[in-house]
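K.L.:
So the protein lines, in turn, are chains S and F. Its first residue numbered 0, the first sequence is counted upward by one per residue in numbering that gives the first Met the number 0. Its first residue numbered 0, the second sequence is counted upward by one per residue in numbering that gives the first Met the number 0.
Honestly, the hints are just simulated from the structure, not real lab data. A virtual CB, placed ideally from N, CA and C, is assigned to each residue, including glycine. Check before you lean on any hint, since a few could be wrong.
[Stated by the list, open to error] Cross-link-like lysine-lysine pairs, in silico, BS3-like; alpha carbons within 30 Å at most:
1) Lys17/F - Lys101/F
2) Lys386/S - Lys101/F
3) Lys101/F - Lys20/F
4) Lys201/F - Lys386/S
5) Lys9/F - Lys20/F
6) Lys148/F - Lys127/F
7) Lys201/F - Lys127/F
8) Lys204/F - Lys386/S
9) Lys399/S - Lys386/S
[Claimed, not checked] Which stretches of chain F does chain S cover? Using the computed rule of at least three CB atoms under 8 Å from a CB of chain S, they are:
10) 37-45
11) 106-114
[Said to hold, decoys possible] Have a look at the derived ranges for each label pair, beta carbon to beta carbon:
12) Glu301/S - Lys201/F: 49 to 59 Å
13) Glu298/S - Ala80/F: 20 to 30 Å
14) Arg259/S - Lys201/F: 33 to 43 Å
15) Asn70/F - Val258/S: 30 to 40 Å
16) Ala358/S - Leu137/F: 21 to 31 Å
17) Ser220/S - Phe37/F: 45 to 55 Å
18) Lys201/F - Ile273/S: 38 to 48 Å
19) Phe37/F - Arg326/S: 33 to 43 Å
20) Glu224/F - Ala287/S: 33 to 43 Å
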Amino acid sequence: MRGAVPPPPVPLGKRFDLLRWLHLPRHRLLAHSAGVRFGMIYAGVFALSTIALALFLWWSTAGLLDRQTEAAINADIQGLSERYADGGLITLEETIEQRLMGNIDDDALYLLTDPALHPLAGNLAPPPATLLQAQGLYELSVERAGHSGKAEVQHFVLPGGFHLLVGRDVEVHAQMARLLTDALLWAAGVAMLLGTIGALAVRSLFRITLADVSATASAISAGDLTRRVQVSGRGDEFDRLAETINDMLDRIGRLMDGVRQVSNAIAHDLRTPIARARARLEDAASHAASEADLRAAIERAEVDLDGVVGIFNALLRIAEIEAGARRSAFDDVDLAPLLLDLVDLYGAAAEERGQVLRAEIPASVPAFGDREMIQQAVANLLDNALKFSPDGGTILLAVKVVPGQGPQITVADQGQGIPEADMARATERFFRGECARSTPGSGLGLSLVQAVATLHGGGLRLEDNRPGLRTVLALNTRAIAPRVNATSSLDQRSEPARAA
Amino acid sequence: MRILVVEDDKDVAGFVVKGLKEAGHVVEHADNGRDGLFMAASENFDAIVLDRMLPGGIDGLRLLETLRAQNNNTPVMFLSALAQVDDRVRGLKAGGDDYLTKPFAFAELLARVEALTRRGKSEGPQTKLVAGDLEMDLLSRGVRRAGQKIDLQPREFRLLEYLMRHTGQVVTRTMLLEGVWDYHFDPQTNVIDVHVSRLRQKVDKPFPTALIHTVRNAGYMLRAEQP
């Protein structure tokens with residue numbers, strides 16, 4: 000039974016490997032070049048259309064002549080049979096003679112014979128009896144006026160055994176067919192030549208157009224991020240591709256700048272507390288006079304390291320938010336209770352400092368997003384406001400629901416604010432204004448808020464509160480929501496499962 | 000209490016084991032996932048401290064999933080350097096009871112492990128919490144100390160409830176933030192201290208002895224003075 004197992008099916012493309020059959024190495028034919036492939040497709044399409052044109056030409060010239068001949072013979076026969084019905088054999092003979100006289104083109108052929116094939120009328124030599132076995136259409140070789148030619152002949156047997164042959168000389172047709180064949184062969188040759196030239200042209204066009212893209216990509220991967228693909232200005236597909244690639248490269252460039260900026264900042268802002276902790280430990284190890292001193296130094300170093308960990312966590316959290324991976328956790332949230340909780344949490348702290356935290360929150364603030372992230376963003380804003388507000392200052396947390404957009408959460412304090420010049424940079428990682436240098440903090444709080452705002456399709460706006468700073472966190476979640484709503488049918492289906 | 004520590008880093012493991020022993024617990028240690036799973040499945044522990052990334056072919060998540068599949072409900076606290084929100088969610092989904100990220104303070108770890116074992120014991124709903132002369136009725140939401148009624152805001156009530164449920168245990172600020180407010184981030188401001196001090200004003204100030212104590216470098220503890 001083992002022999003009956005059929006061989007595994009071979010993929011269509013591998014059944015006949017032309018290249019192996021020709022003993023040619025694969026790369027020699029450039030089969031992997033898209034330019035060659037497009038060139039070959041072009042040549043193939045060109046050849047197919049040429050063949051189609053030739054076939055049509057053939058059908059409409061040679062074919063038309065053949066059909067006309069047949070029609071003429073049929074008309075002739077129709078007439079002759081009417082005459083024969085009218086006056087019998089004699090009239091038929093007369094009619095044939097008349098027709099021969101009236102035939103200017105000299106292409107009509109007639110023959111009327113008795114049963115023994117002796118000609119009675121007509122211009123056609125009687126063919127051998129073996130040829131005329133039955134009635135029907137024959138193609139005969141005829142000898143006329145000294146040269147042989149081809150003829151198409153219809154053969155009838157009349158009552159009494161008389162034979163009638165009606166035909167047309169088609170030698171001109173045959174010559175024409177030969178002429179046509181020659182012409183088409185030539186045309187095929189020329190078409191092949193033109194196709195090849197066209198294919199080569201397409202290939203080099205591709206190569207030239209893609210050479211720049213390829214060169215740019217190579218330069219970029221070699222590290223030169225300033226290179227861009229040239230745009231020819233013709234506005235064609237290649238231009239659009241070039242523009243898309245350039246846009247992508249711009250974005251990569253910006254991201255790289257961001258990474259560089261962050262790593263510079265990390266180098267500075269993380270190194271400082273680490274250096275401090277290290278110095279403290281080393282100093283304590285070599286100079287501490289008592290165990291109490293040693294302990295105190297170690298504890299201070301611990302605090303420094305906790306600060307480093309805090310910065311790390313904040314950086315990673317921002318990166319996590321910016322990566323957008325949490326967008327899958329978006330859900331409908333009512334921000335009103337969430338914000339009231341935060342007011343409750345921070346209100347006590349504000350009171351402790353002699354500050355007032357005032358809240359203006361509507362009864363319901365529908366939003367779509369990640370509740371944990373929004374909590375943290377608003378908490379960061381409140382942290383800042385509490386930190387920079389003077390004693391007795393008022394901090395305002397207000398929410399405005401903009402119809403058609405998402406909610407706007409405003410946190411305003413009456414502290415020193417941020418100078419106009421620093422506003423734009425305030426959300427950069429590790430940026431700290433001059434007046435903030437003396438207060439604890441990492442310079443990452445607003446970066447995180449910005450990241451959360453961006454993830455929620457909104458933005459963070461800093462304004463002058465005269466005096467103080469007003470931060471407006473806009474969550475334009477409507478911009479994200481429709482895309483999610485598009486799959487609402489799926490959501491509804493999974494709803495019972497979630498409830499269960 | 001018997002605690003299993005599954006952790007491959009020698010320094011971290013040594014530090015945790017030593018600290019837990021000093022706190023009066025019996026500690027077993029496994030330095031790879033295979034041994035950890037074997038010990039967790041074959042012996043009885045009150046709590047397991049579990050690293051996520053472990054050598055030995057079985058990582059922390061697999062270990063826990065296998066354990067839970069055997070209907071072993073020992074409280075498990077993940078101790079991991081994987082700190083993203085998704086990591087935490089995955090750890091809790093796999094059946095973890097708590098998730099602490101490295102680096103960590105030992106006080107935080109100890110407080111959380113002890114809280115875990117308490118959580119494991121309290122079966123059935125309680126209606127009344129008592130600590131010394133402080134009583135909390137969870138149904139009528141009334142609080143009395145020495146027979147005297149204390150009025151609390153809803154949030155203060157929940158804060159006190161959390162402290163009372165962990166009577167005699169250290170409760171860190173992060174635990175309070177997570178347990179009472181359900182926040183998973185560290186505020187820059189000392190918001191928790193302010194709320195605890197407000198609670199003290201109502202619960203401790205009018206009375207001769209204090210119940211809510213500050214534990215240095217760790218957090219707070221509600222403890223009734225032994226008479």
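K.L.:
Do glutamate 224/F and alanine 287/S keep their Cβ atoms within the hinted range of 33 to 43 Å?
P.N.:
holds, 37 Å
K.L.:
Does lysine 17/F pair with lysine 101/F here, judged by a C-alpha cut-off of 30 Å?
P.N.:
At roughly 17 Å apart (the allowed maximum being 30 Å), lysine 101/F and lysine 17/F satisfy the hint.
K.L.:
Does the hinted range 49 to 59 Å hold for glutamate 301/S and lysine 201/F at CB?
P.N.:
For lysine 201/F against glutamate 301/S, whose Cβ atoms are near 33 Å apart, the range 49 to 59 Å is violated.
K.L.:
Using the C-beta atoms of arginine 259/S and lysine 201/F, is the stated range 33 to 43 Å upheld?
P.N.:
Violated, since arginine 259/S and lysine 201/F (Cβ atoms, about 53 Å apart) do not stay within the stated range.
K.L.:
Within 30 Å, alpha carbon to alpha carbon, are lysine 399/S and lysine 386/S?
P.N.:
With a Cα-Cα distance of about 24 Å, the restraint between lysine 399/S and lysine 386/S holds, given a limit of 30 Å.
K.L.:
Can you tell me whether the CB distance of glutamate 298/S to alanine 80/F sits inside 20 to 30 Å?
P.N.:
Taking Cβ atoms as reference, glutamate 298/S and alanine 80/F lie about 24 Å apart, which means the hint holds.
K.L.:
Check the following: the C-beta atoms of lysine 201/F and isoleucine 273/S are separated by a distance inside 38 to 48 Å.
P.N.:
For lysine 201/F and isoleucine 273/S the Cβ distance comes to about 43 Å; the hint holds.
K.L.:
Hey, lysine 201/F versus lysine 127/F, does the alpha-carbon distance stay inside 30 Å?
P.N.:
holds, 19 Å
K.L.:
Is 21 to 31 Å right for how far apart the beta carbons of alanine 358/S and leucine 137/F are?
P.N.:
holds, 29 Å
K.L.:
If I claimed the Cβ atoms of phenylalanine 37/F and arginine 326/S lie 33 to 43 Å apart, would that claim hold in this structure?
P.N.:
holds, 41 Å
K.L.:
Is 45 to 55 Å respected by the C-beta to C-beta distance linking serine 220/S and phenylalanine 37/F?
P.N.:
Distance hint for serine 220/S, phenylalanine 37/F holds at roughly 49 Å.
K.L.:
Just to be careful, I want the Cα atoms of lysine 204/F and lysine 386/S compared with a cutoff of 30 Å; is the pair within it?
P.N.:
holds, 29 Å
Hints 10, 11, 12, 14 and 15, counting from the list given before, are not met by this structure.
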